[in-house]
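S.K.: Given next are the chains, with one letter for each unit.
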Amino acid sequence: MTNSICRKKIRMSDYVLKGLIYVSASLSILLLACIVGYVYMKGIGAVSVAFLTTEPSTIKGTFGIAGNIVNTLYIIVLTLLIATPIGVGSAIYLNEYARPGRFVSLIEFTTETLAGIPSIIFGLFGMVFFGTTIRLGYSILTGALTLTIMVLPLITRNTQEALKTVPDTYRSGALGMGATKWYLIRTILLPSAMPGIITGVILAVGRIVGESAALLFTAGSGYLLPKTGAGAISKIFESGGTLTIQLYLSMSKAKYEDAFGIAFVLLTIVLLINMLTKYLARKFDVNLRA
Amino acid sequence: MTNTKEKSFSIIGSLKTKSTVEKSAQVVFTTCAFFAVLAVLSITLYMVINGTPALTKVGIREILFGTVWKPTAAEPSYGILYVILTSIVGTFLSILVGVPIGLFTAIFLAEVAPRKLAKLVKPAVELLAGIPSVIYGLLGLLLLNPIMYKWELIIFKDDPNHQFTGGANLISAVIVLAIMILPTVINISEAALKAVPRHLKEASLALGGSHIQTIFKVMIPAAKSGIVTAIVLGVGRAIGEAMAISLVSGSSVNMPLPFNSVRFLTTAIVSEMGYASDLHRQVLFTIGLVLFLFIMLINFLLTKGLKKGEKENDK
Chain A
52 MTNSICRKKI RMSDYVLKGL IYVSASLSIL LLACIVGYVY MKGIGAVSVA
102 FLTTEPSTIK GTFGIAGNIV NTLYIIVLTL LIATPIGVGS AIYLNEYARP
152 GRFVSLIEFT TETLAGIPSI IFGLFGMVFF GTTIRLGYSI LTGALTLTIM
202 VLPLITRNTQ EALKTVPDTY RSGALGMGAT KWYLIRTILL PSAMPGIITG
252 VILAVGRIVG ESAALLFTAG SGYLLPKTGA GAISKIFESG GTLTIQLYLS
302 MSKAKYEDAF GIAFVLLTIV LLINMLTKYL ARKFDVNLRA
Chain B
758 MTNTKEKSFS IIGSLKTKST VEKSAQVVFT TCAFFAVLAV LSITLYMVIN
808 GTPALTKVGI REILFGTVWK PTAAEPSYGI LYVILTSIVG TFLSILVGVP
858 IGLFTAIFLA EVAPRKLAKL VKPAVELLAG IPSVIYGLLG LLLLNPIMYK
908 WELIIFKDDP NHQFTGGANL ISAVIVLAIM ILPTVINISE AALKAVPRHL
958 KEASLALGGS HIQTIFKVMI PAAKSGIVTA IVLGVGRAIG EAMAISLVSG
1008 SSVNMPLPFN SVRFLTTAIV SEMGYASDLH RQVLFTIGLV LFLFIMLINF
1058 LLTKGLKKGE KENDK
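Top line first, the protein sequences correspond to chains A and B. Counting in the numbering used here, the first sequence runs from 52 upward without gaps. Counting in the numbering used here, the second sequence runs from 758 upward without gaps.
Keep in mind that the hints are not guaranteed to be accurate.
[Unchecked claim] As a list, the in silico BS3-like pairs of lysine-lysine whose alpha-carbon atoms are at most 25 Å apart: (1) B:K879 - A:K69; (2) A:K232 - B:K873; (3) A:K93 - B:K907; (4) B:K958 - B:K873.
[What the hints assert, rightly or not] Rough simulated footprint, nothing fancy, chain A against chain B, three-plus residues with beta-carbon under 8 Å: (5) 868-879; (6) 890-902; (7) 1005-1018.
[Stated by the list, open to error] A short, non-exhaustive set of chain B residues, derived as facing chain A with CB atoms under 7 Å: (8) K775; (9) V778; (10) E779; (11) C789; (12) V794; (13) A796; (14) V797; (15) Y803; (16) N807; (17) G965; (18) S967; (19) A999; (20) I1026; (21) N1056; (22) L1058.
Note that these hints are calculated values from the structure, not bench results. Quick reminder that beta carbons are idealized off the backbone N, C-alpha and C, glycines included.
Please work from the sequences and hints to get the whole structure.
M.R.: This is the structure we're talking about:
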């Protein structure tokens, strides 16, 4: 192929490669269209008000995902409550305090490593560390702590990127007027970096919603709604399966209609999150230009 | 107004409180930064502590090079060679299928597509990355497996030795993995192609190279380190994927042949951890350790490759 290009005047290879480029691109797009279309087509029949607002009942023989939706919310809120401060703090340290050196490259290397570790490994670690060593067992808290480690790099990186875009003149201006570093961070850097931080948090929500392997052996598969006020609090120490876990379980029990109903809900959430990040990114750009 | 007063107070505030606040802020932020290090250290430690006992109890050779996986038999056997091979072969094949498609799509987005079309396609690719892996598994199970089963019935019609899998085989898993690595490959290669300096492209076009020649002979070599990063990340994603392929790939440990029902490192853990106990459970942690070592190797290659790429760019 390499030689033929130089010899021939009409380059067949150009046409072949161009054809391949078009075929590949349309294949990629077609795949997405098919996946989304198929899930919506198959799932729409299973979704109803009862499906979304009840818990499964063996007596009535009905199936609903209300418990799983609540569990998913629990895990999202708990994970973000723990991960956001740590992630943002870590980014502030890396961008504002640290001087390049061994410690910084160690932190950056480990953040990269964390981002690359597959979720099943987080699941194993969470199971033995939070589940067995700290004795939390199969519980929503175990799941949330495991996911905290998983989404930490996402939040750290997005915050760091956002902090990098804050102009240095803001910093020197504030410091020149006598502000202390903490005051500078609190009143100038964090508000300026807020869109970036929010983007990171929303991306983390997306990751949590879609996660399954890390939760299967940490948060377990409970599907009941908390009944009382005290139950709502003690729920975090009980097992609770998210939507993805329930989807996997329905799938392995060959209850495909339920599975597609959950897939419908999940895909809608993912689409919404995607649009939200797009919107924020656009808004962020406008802020930068202004 | 009260707000302003409070703010100005904290600026002028006494030196002593100021320096305490400053120091504690620094300590808090440093601690936060240390969490990532702590997490990686403890994950490594726990994987090693939980993964090694089985190696000494069963024997390194019996586990890593044994081919019989019967953890629940009366005389259990814990050979995971086929599991390791399946992960390697499966990942390799999915890269073989996924990378060309991904790279060509990246070229389409970066160079060939009209700007309006690219603006439509790019979000679609990003969406592909956000779809939860269980959904890929669900679709693979219901769309791919029946097709594979038809082929299987035709190909192995006269073969009495073949164990029919109902379509849950290596090919199905490879196709699902190839689709799942597409967004990674597309996004990173596209960024790499877009980062190629303009003057390289212009020089090639000025010398009479066609657009396609310019892409394949100038831009791709120039974007090499970015594309390699994309492939390595793709490998990482493929080898670590568990839930999407756990039902699609079948449920028995076999040689990684196209129409065999196979177990990957990840799917072995997912499907057996729920009921495993004692030694069986420890061996599953050994499988986790093997997976972890693969990932660390990939990470190491990645950081090395990235540094090399940066140095090349500096020149």
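S.K.: If you draw a straight line from the CA of A:K232 to the CA of B:K873, is it 25 Å or shorter?
M.R.: 45 Å, violated
S.K.: Counting residues of the stretch 868-879 of chain B whose CB is closer than 8 Å to a CB in chain A, do you get three or more?
M.R.: holds (count 3)
S.K.: Are B:I1026 and chain A close enough, Cβ to Cβ, to be under 7 Å, as the hint says?
M.R.: This interface hint holds because 6 Å falls under the 7 Å limit.
S.K.: Report holds or violated for the interface hint on B:N807, using the least CB-CB distance to chain A and a cut-off of 7 Å.
M.R.: 6 Å, holds
S.K.: Minimum Cβ distance from B:K775 to chain A below 7 Å?
M.R.: 6 Å, holds
S.K.: Given a cut of 7 Å on the nearest C-beta pair, is the interface hint for B:N1056 held or broken against chain A?
M.R.: Because about 5 Å separates B:N1056 from the closest Cβ in chain A, which is inside the 7 Å limit, the hint holds.
S.K.: When the nearest CB of chain A is found for B:G965, is that gap smaller than 7 Å?
M.R.: With a closest approach of 11 Å, the B:G965 hint is violated.
S.K.: Check the hint pairing B:K879 with A:K69 against an upper bound of 25 Å on the C-alpha distance.
M.R.: 19 Å, holds
S.K.: Does B:L1058 meet its interface restraint, that is, does its C-beta lie within less than 7 Å of any C-beta in chain A?
M.R.: Not OK, violated: B:L1058 not within 7 Å of chain A, min 11 Å.
S.K.: Is the interface hint for B:A796 satisfied, with its Cβ closer than 7 Å to some Cβ of chain A?
M.R.: 5 Å, holds
S.K.: Holds or violated: B:Y803 as interface residue toward chain A, Cβ cutoff 7 Å?
M.R.: 5 Å, holds
S.K.: Holds or violated: is there a CB of chain A closer than 7 Å to the CB of B:V778?
M.R.: 6 Å, holds
Of the numbered hints stated above, those contradicted by the structure are hints 2, 7, 17, 22, listed in ascending order.
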